[in-house]
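Undergrad: Chains as they are written, first to last, in the working numbering: chain P, 6 to 492; chain H, -17 to 207.
The set of hints was computed from the structure by calculation and includes no laboratory data.
Quick caveat, the model's predicted, so the values are computed rather than measured.
The beta-carbon is built from N, C-alpha and C at its ideal position, and this holds for glycine as well.
Treat the hints with care, as some may be off.
[What the hints assert, rightly or not] Stretch-level coverage of chain H by chain P, calculated; a stretch enters the list once three of its residues show a Cβ under 8 angstroms from a Cβ in chain P: (1) -15 to -3; (2) 22 to 35; (3) 90 to 101; (4) 120 to 134; (5) 165 to 178; (6) 195 to 204.
[As the list claims (entries may be wrong)] As a list, the in silico DMTMM-like pairs of lysine to aspartate or glutamate whose alpha-carbon atoms are at most 20 angstroms apart: (7) H:K(-11) - P:E163; (8) H:K139 - P:D201; (9) P:K105 - P:D14; (10) P:K164 - H:D147; (11) H:K55 - P:D14; (12) H:K81 - P:D201; (13) H:K55 - P:E339; (14) H:K173 - H:E159; (15) P:K91 - H:E192; (16) P:K254 - H:D147; (17) H:K81 - P:E163; (18) H:K55 - P:E163.
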Amino acid sequence: MQNAALEYDYTVSKWFTYLAIIFGIVGMSIGVFIAFELAFPELNNLFGQYGTFSRLRPIHTNVVAFGFTLSGIFGTFYYVSQRVLKVSIAESKFVHGVGKLHFWLYLLLAAWLVVSELLGYTTSKEYAEMEWPLDLLTVVVWVLWGMAMFGLIGMRREKTLYISMWYYIATFLGVAMLYLFNNMEVPTYLVTGMGDWMKSVSMYSGTNDALVQWWYGHNAVAFVFTVPIIAIIYYYLPKESGQPVFSYKLSLLSFWGLMFVYLWAGGHHLIYSTVPDWMQTMGSIFSVILILPSWGSAINMLLTMKGEWNQLKESPLIKFMVLASTFYMLSTLEGPIQAIKSVNALAHFTDWIPGHVHDGTLGWVAFMIIASALHMAPRYYKREIYSRKLMEMQFWIQTTGIVLYFSSMWIAGITQGMMWRAVDQYGNLAYSFIDTVTVLHPYYTIRAIGGTLFVIGLFLWAYNFVKTMQSEKVLEKEPAFASPMGA
Amino acid sequence: MFHWLEKRPFFFSVGVFLVIAFAGLIEIVPDFAQASRPVAGTKPYTLLQIAGRQTYIKDSCNACHSQLIRPFKSETDRYGPYSLSGEYAYDRPFLWGSKRTGPDLHRVGEYRTTDWHENHMWEPTSVVPGSIMPAYKHMFHQNVDLETAYAEALTDKIVFNVPYDQPGMPKLGNSKEDFPAAQKMALEEAKKIAAEMKNQDVKDAVARGEIPEIVALIAYLNSLH
């Protein structure tokens, strides 16, 4: 046994982090553009059929969820796993090769996805829009990730898996199961020998299709926006703050509780639809129960800062992560509220739903990915972070953006939901549909401005990251805890 | 037990998988046969309607329009009778949507006409002042891919036993060789719609034997009852 510190190999981790920055900017800029389209519909005609809200919306969701977020997750995975397993990926040429192939095929898939969706190839199923050849490539990419993961686990020196690894493993398994079942489709060319080879029909029809889709759709949120992000915070917050995780037992309860409860909650997307009533009720109830494991993780993280709250003032990185867990608590309270039948009757189909999604994705997911990338930068390059001030600025600009986003969407959603059901003194509907659209103009404008602020923050993030790479000041050794940063 | 699992990645993974697979097993399996039975009067889509549905999907109309009327008075007053599970028996994929930036369309065929759709898709504000819907002018000069639509319908028939060619049901045929006949029928159907439209380019195209996307889309929208 050697006693020298391990030299980890961050090649693949870096590549994915660069991609996260690029996809974040691209995906969210498209988001801002389509947000402005809702406020100013003339914009829809700028790029012919390729620039309409409807064509771009799936591209926005896919690039952000599966481009930005997954890149961020993979970037942290190839960093965290080596460190908590006490093994360098470079120790095995094979596993390292698998990691690199994972990256390149993933990049190919992402490019293919954007082009095919621009051209109108979509299965229409939300967050599962990719047509069958892309689905097959997704399976390959996912299996490669699994091979890298279990390869590293097989080589590990530290026998006990750290909490973050539990969550990465669960992400791998959960997405694999959900994705396979929801994307069962029959390529029409293979059956009939004619027509477009990219097209397929869903294996399920009508209500069944809806049931499988939202079992998937909701849990794609679980296993892309929640589970792996918890993996990230369990590593980076204790590491950056130098504080041990508050409670092992709480992390156990939260992990196994989340695994069991989350999958039931998909039914809350189908309340008052034609799926059986008992499933809708199960969806409601389990969504409410979901508060327990969700808040368990969030509270565990917040209490990790116990006695060290001064760090919140001193370090913008800690700010990002603490606010992220707070947003996680907010959106995991909001979700269950929307899953209660009477609230759902009002909220479903309105802008309150995208509002809810965005306080989670911007406040929790994006903040954690931003913070983790900046925590890794000094370790990647052995240089201090370029600017604390810039990070502070980014934090406040983006936080303002998120608040504008969700508060305008809450108001818009509830306004519209109330107007849809309002009646006059004779019991007739009080508003025609278009009245409930034009009234939203100010909120759509505010939302688009909120989104713009967030994207401005991303540019600051990218700038700070690049300047860190190029900085003259070289660190003599890797920082143990708090990341060093320039003024 | 947990300490034991945390040192054994294989058993740990098996444990996680069992715990997450549980809900799906309980929720999805029991209902499958039940929900897919069509209600009386539900017919599969004609070839032209399938082509229109593909256009609807291609431009992600479902990003802003639902096709699910919930059982509330405010919804049945606005959109018609609430939706029944069996009405969707031939919908692959389902198109319920998750957001109503625009109104529900599940029964739009009951209260909108070919003429209305033509004006609306060309310039939404001409019929609905204040509308924020994009204009879909490209659908007027871009043709549908009828072969792909036929491939989809035929797959429905072969793989999923959708009752084409049965008494009272739309005609389709049994193989690639039957496509020309089906194409002819689709064209006849398209001509009827084009006759009610006023756009000269569309009329000319249909007269030449082409089917612009807008014609198929209107056929599909008119079929939604």
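Undergrad: All hints are to be evaluated individually against the structure, with a verdict given for each.
TA: Hint by hint, here is what the structure shows:
no.	hint	in the structure
1	-15 to -3	holds (count 6)
2	22 to 35	violated (count 0)
3	90 to 101	violated (count 0)
4	120 to 134	holds (count 9)
5	165 to 178	violated (count 0)
6	195 to 204	violated (count 0)
7	H:K(-11) - P:E163	holds (9 angstroms)
8	H:K139 - P:D201	holds (18 angstroms)
9	P:K105 - P:D14	holds (12 angstroms)
10	P:K164 - H:D147	violated (64 angstroms)
11	H:K55 - P:D14	violated (62 angstroms)
12	H:K81 - P:D201	violated (29 angstroms)
13	H:K55 - P:E339	violated (27 angstroms)
14	H:K173 - H:E159	violated (23 angstroms)
15	P:K91 - H:E192	violated (65 angstroms)
16	P:K254 - H:D147	violated (63 angstroms)
17	H:K81 - P:E163	violated (48 angstroms)
18	H:K55 - P:E163	violated (62 angstroms)
Of the numbered hints stated above, those contradicted by the structure are hints 2, 3, 5, 6, 10, 11, 12, 13, 14, 15, 16, 17, 18, listed in ascending order.
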